[in-house]
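Participant: In order, the protein sequence lines correspond to chains P and B.
Here this note's numbering is used: the first residue of the first sequence is 1, the next is one more, and so on.
Here this note's numbering is used: the first residue of the second sequence is 1, the next is one more, and so on.
Derived by calculation from the structure, the hints in this document are not laboratory data.
Small disclaimer: the values here were computed from a predicted structure and weren't measured.
Only true hints are included.
Computed list of lysine to any residue pairs in SDA-like fashion (alpha-carbon distance at most 20 Å, straight line):
hint	chain 1	residue 1	chain 2	residue 2
1	P	152	B	159
2	B	175	P	75
3	B	175	P	91
4	P	152	B	173
5	B	175	P	98
6	B	175	P	88
7	B	175	P	95
8	B	175	P	74
9	B	175	P	90
10	B	175	P	59
11	B	175	P	89
12	B	175	P	78
One-letter residues, chain by chain:
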Amino acid sequence: MTGAAAPLLRVEGLTVRYGALTALSDMSWHVDAGEILGIIGPNGAGKSSCFAAVTNAVSRSGEVWLDGERVTGLPTHRLAQRGLRRTFQQNAFFGELSLLENAMAAMLHEHSTPLGRSILLPWQEAAVRRRAQAAAAALLTSFGIAPDDHGKRPGDIAYGTQRLLSVVLSYGAGARALLIDEPAAGTGGGDMKRLADLLVDLRRRQVGVVVIEHHMDLIMAIADRIVVIDQGRKLAEGTPAEIQRNEAVLEAYLGRAA
Amino acid sequence: MNLTQQVINGLVLGSGYALVAIGWTVLLGAARLVNFAHGQLYMLAAFLAWAAMQKLGVSYFVAVPLSVLALGLLGVALQGMMQRLVMQQNLTSLMIVTLGFGYVIQGSAARIFGGDPQTFASPLEKASVHLGELWFTWQDVVTLVGTLLLFGVLWLVLNRTRLGALVRSVAEDPKLAQLFGINAAQVYIGVFVFECAAVALGAGLVAPRSPILASMGFDEVILTFVVVVLGGIGSVGGSLLAGFGLGMFTALFGALVSPAYTTAAAFLVLLTVLVVRPGGLAAR
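Bound conformation, chain B alone (with noise of 0.2 Å):
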């Protein structure tokens, strides 16, 4: 085993898993919401950069912004319909709310693409780079310099802007805020906006990976549940770490021990944090 290319393999499987859950850690920490239609949302979004692609033919740098504003207008229409439910912070109901809107995407997707699986195609992906031993894709290299780049600016206006300070006061006290004058409905949305627009920019950087297909969502993200909860529930700088740390765990544990029992060994560690340090790596 080269361990130099284990661990460029961690940090290029930890920018994955940190990128595809970013979403998730705003909106839990922004809106107390968990979504579970998020992993179908991964893969929506992968299949409609797929499409554009094949059907209107445009090249894979456009195909990927169409697909994250796609999902973002999707996230407006998804969130109107919570919205109610989302004001009461009826967390149960949402929860079931989110778990069907997944099962519709996927329906719906399978319909409409069909259930083959099909090769989403980046030409970052087949740039690849060899260094003496080591060996990596650009698409690599763009994912964990744009993971980097989006958790900066994140991680920048949450905690230095106006904008940020009405994020973080509507997800403590979303009545309060109310009467500050500031419109929680609409930062809501802007967060849901926010996690369907980030899911889709994970999946048009990560899913070319590997052949895409309608009912990968759930499998997909399930590392997603583990980074979030890793890093401590909303803890933007958490699940960065927790996103790397796993990304890292993965790659040595899959070539010390063996691939097939990655995840059954991820949840292991995440039950043994958890155990130890209930808020997650960022608790204080």
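The following block holds chain P by itself, in its conformation from the complex (with noise of 0.2 Å):
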């Protein structure tokens, strides 16, 4: 653990099992604010079940501490409204909504009337609407998705932006830890960039973030620090160096061929 103060986002123990199968076991790391730490491992290592097990979408045992507070009984809505939010491995947002909607939806709990007060007094619904759109707009623009394309659908806009806006709307008014699900997956050159810069544009925000990724020059060229899952458990925890010269990440990877 870095530094005096807590680390932005802690879990300790998450263990996660499926009837019979024990999908991630007794996993522990901690994410710093303005930190990336990469999480990598085999298909069907766990690493998505790690995610879901921090946010609450699975019935897991374990510990997870936000900003030094226990948080872990709390409902998936309620941890998003504390800046804890994560991405899947598809697209992830609502396709019958345009970008702009999609992106106030993102931010809804930050730009929101209360549901009486807007049935009640309409007009304050509408200045509300008004600064959220403008809040959207802002968040769509400053992550670099151009303004042409606020009011199209996600189906409509390139799958490299499409790649971009799951991201984007995550982070949405401003979120503390993130954890990104393989974001460049089916995704390649100058895309793939573009979602390198993301990250790190996400990193300089202070935001703490949590990345699955199976492309390893993405992976080793942006993270602080990794964590190897393999069979549900931690392989390894190191520097994307320590990682690379890791023996046991090696054989997990490569089989015993060196």
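Taking the hints as your guide, dock the two standalone chains into a single complex.
Facilitator: This is how it looks when you write it as structure tokens:
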């Protein structure tokens, strides 16, 4: 653990069982604000289960702390309101809403009137709505999604931009800790470069970023630390350079070839 | 047959169909949830308004809002019980659960209000307008205008406000909505309360047309199925169109062929439309 202050996000002993299968076993890691933690491992190693466990989307045992406060029992939407959010391997947006409406949905908690007031005092709703629209447009633009695209539905923009959009939406009005699941899946070249820039941009904004990624060149280039998961267990942890030299990791990835 | 009169009858019938169906349309569209207790909720709302007039002595204009409020509260309770099933989107169990609610409501209503038909009278029903050969009541006018207003407001809310975006986002993907910090459970409660309150309003305006019975639930809303599916599941505009279309069809079929076969004929139209346009009228 770095420094005296508690890490931004810490998970301790997370265990997930699906029936007889233990998908994740005694997983512990932490991430600081302004840090990128990479999570790598073979398919089925339990990486995505780990994200589901952190956001309380599956039943699990173990503990989660956010800003030094125990948040293990909070439901998914309360965690999101506190700034702990995630993306999925699939694109994570609403296909039937425009980009701008998607961004507004992502920032809803921060820019909203309570339900009762929006029905009884619709003019307040209108003013809040205008502010929310402006904030949503600013969010998209600040991450390089051109205003021309804001009125379109996600299905009508380029795939690479869709991947960016999923991450930008999860950041919303300013997430503190972001769990990003295979952002570069299905992309390459320039799109992957834009994604790498986006992740680095999030780190610059003091977000604690946890990234699951299969593209080793991407993860090795941007991660500050890496956790390797295999068969639900933590196999290794360290800087990219340390991981690349780690015997156990080489063995798990390449077999006993070395 | 006076064609203009039949067109008026069709509009009146159609606005009633659309009004009774709107709650279910929103429920299906926003929560992907069917509610087979819909008809019994309609029946209960009519009896509550009737009882308020009979026992409390309040006027029709107070009784209907009271029944809308009571059904809204009942909606909170029902949704509270179904919450875990709804969050899991366990649709098969939900179908059976709502069917169960329907029978419980029907049994309780028969126990409390008795098995005899009652007259739920609206003063507007007696106030009729005669224009030459044409004839309609103020109740018809209020139902028609009320339906158009409700649909207009609902369309605006769903499509032009953040509240609507919130409902649509939960409809599309409740899990993703939760990750955006949206309390999906609260949205589901809101939608279910709307469903219950809307069917109570529908009952308040439509039920005075005929005697009310504790066992009328299913029959009274059988055409709701047609309206909701014909309109395109969850489509507000589509169900308005389908409501009026069905009303017009019922009026003309009843006048030209026979009122006895209208329900069968309406379902025949539904089948035909679904064969040609499986997504309903609103499908792109």
